[in-house]
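J.: So in our numbering, spot 25 of the sequence shown is number 744, and the numbers just go up one at a time.
Note that these hints are calculated values from the structure, not bench results.
A couple of the hints might just be wrong.
Claimed, not checked - Only pairs whose alpha carbons sit at most 27 Å apart, straight line, appear in this in silico DSSO-like list of lysine-lysine:
id, residue 1, residue 2
1, K771, K752
2, K740, K771
3, K752, K774
4, K763, K752
5, K740, K763
6, K740, K834
7, K752, K772
8, K834, K774
9, K740, K752
10, K774, K763
11, K772, K740
12, K834, K763
13, K882, K834
14, K771, K834
15, K834, K752
16, K774, K740
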Amino acid sequence: ISTIIPTVNETPALIADHAYKILDSPNEEYVAKAYFENDHTSGKQTIEIQNKKGKLIWQIPYQGEMSTSYPRPSLAIFQWSSDSSQLYFYYAFSPDGGDRAFWWTGFDLQKIDIKTGEIQYVLPGKGFMSFAISPDGMQIAYTRQQDNPSIIYTRSLSTGVEKGDRSKAGKSVFK
Numbered sequence: 720i721s722t723i724i725p726t727v728n729e730t731p732a733l734i735a736d737h738a739y740k741i742l743d744s745p746n747e748e749y750v751a752k753a754y755f756e757n758d759h760t761s762g763k764q765t766i767e768i769q770n771k772k773g774k775l776i777w778q779i780p781y782q783g784e785m786s787t788s789y790p791r792p793s794l795a796i797f798q799w800s801s802d803s804s805q806l807y808f809y810y811a812f813s814p815d816g817g818d819r820a821f822w823w824t825g826f827d828l829q830k831i832d833i834k835t836g837e838i839q840y841v842l843p844g845k846g847f848m849s850f851a852i853s854p855d856g857m858q859i860a861y862t863r864q865q866d867n868p869s870i871i872y873t874r875s876l877s878t879g880v881e882k883g884d885r886s887k888a889g890k891s892v893f894k
């Protein structure tokens with residue numbers, strides 16, 4: 720019987736990262752990681768932005784009180800800007816949260832500037848919305864649950880100029 724004894728020079732096993740979502744930036748300089756401290760029902764939620772070496776650059780905490788009712792809103796990563804200068808994030812309900820989670824992306828879409836750490840609202844509001852950013856990163860299209868009939872809004876992300884069009888309901892606004 721032979722026994723293998725590890726040598727002092729061996730690399731220890733890596734500890735698993737407990738982020739529930741990890742998203743690399745398009746330029747691969749940064750990584751965003753969404754966490755719950757303990758678990759979905761009781762833990763504080765955060766998003767961490769690290770550089771490619773794993774150094775923490777920014778930490779975005781859950782903004783507000785953790786709801787005691789269910790489903791609870793979750794702090795979620797949406798996407799990076801195409802130039803990796805901003806990370807978009809929002810609040811969502813879990814997939815088992817019923818129709819809201821199926822039809823609506825979430826609420827309170829925000830962005831953080833990677834250089835300054837400044838956080839700005841992009842689409843504020845507690846009403847449910849579905850949203851998509853154009854491939855060139857210049858516009859956002861969204862619709863809100865409270866609009867009946869539905870309206871598809873488009874907004875310039877640089878100027879904030881907005882248009883609403885009921886005729887585009889159910890059609891792609893980005894080609």
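J.: None of the hints should be skipped; say for each whether it holds.
T.: Hints versus structure:
no.	hint	in the structure
1	K771 to K752	12 Å, holds
2	K740 to K771	16 Å, holds
3	K752 to K774	12 Å, holds
4	K763 to K752	14 Å, holds
5	K740 to K763	15 Å, holds
6	K740 to K834	22 Å, holds
7	K752 to K772	14 Å, holds
8	K834 to K774	14 Å, holds
9	K740 to K752	6 Å, holds
10	K774 to K763	21 Å, holds
11	K772 to K740	18 Å, holds
12	K834 to K763	25 Å, holds
13	K882 to K834	30 Å, violated
14	K771 to K834	15 Å, holds
15	K834 to K752	17 Å, holds
16	K774 to K740	18 Å, holds
Consistency note: the structure conflicts with earlier hint 13 alone.
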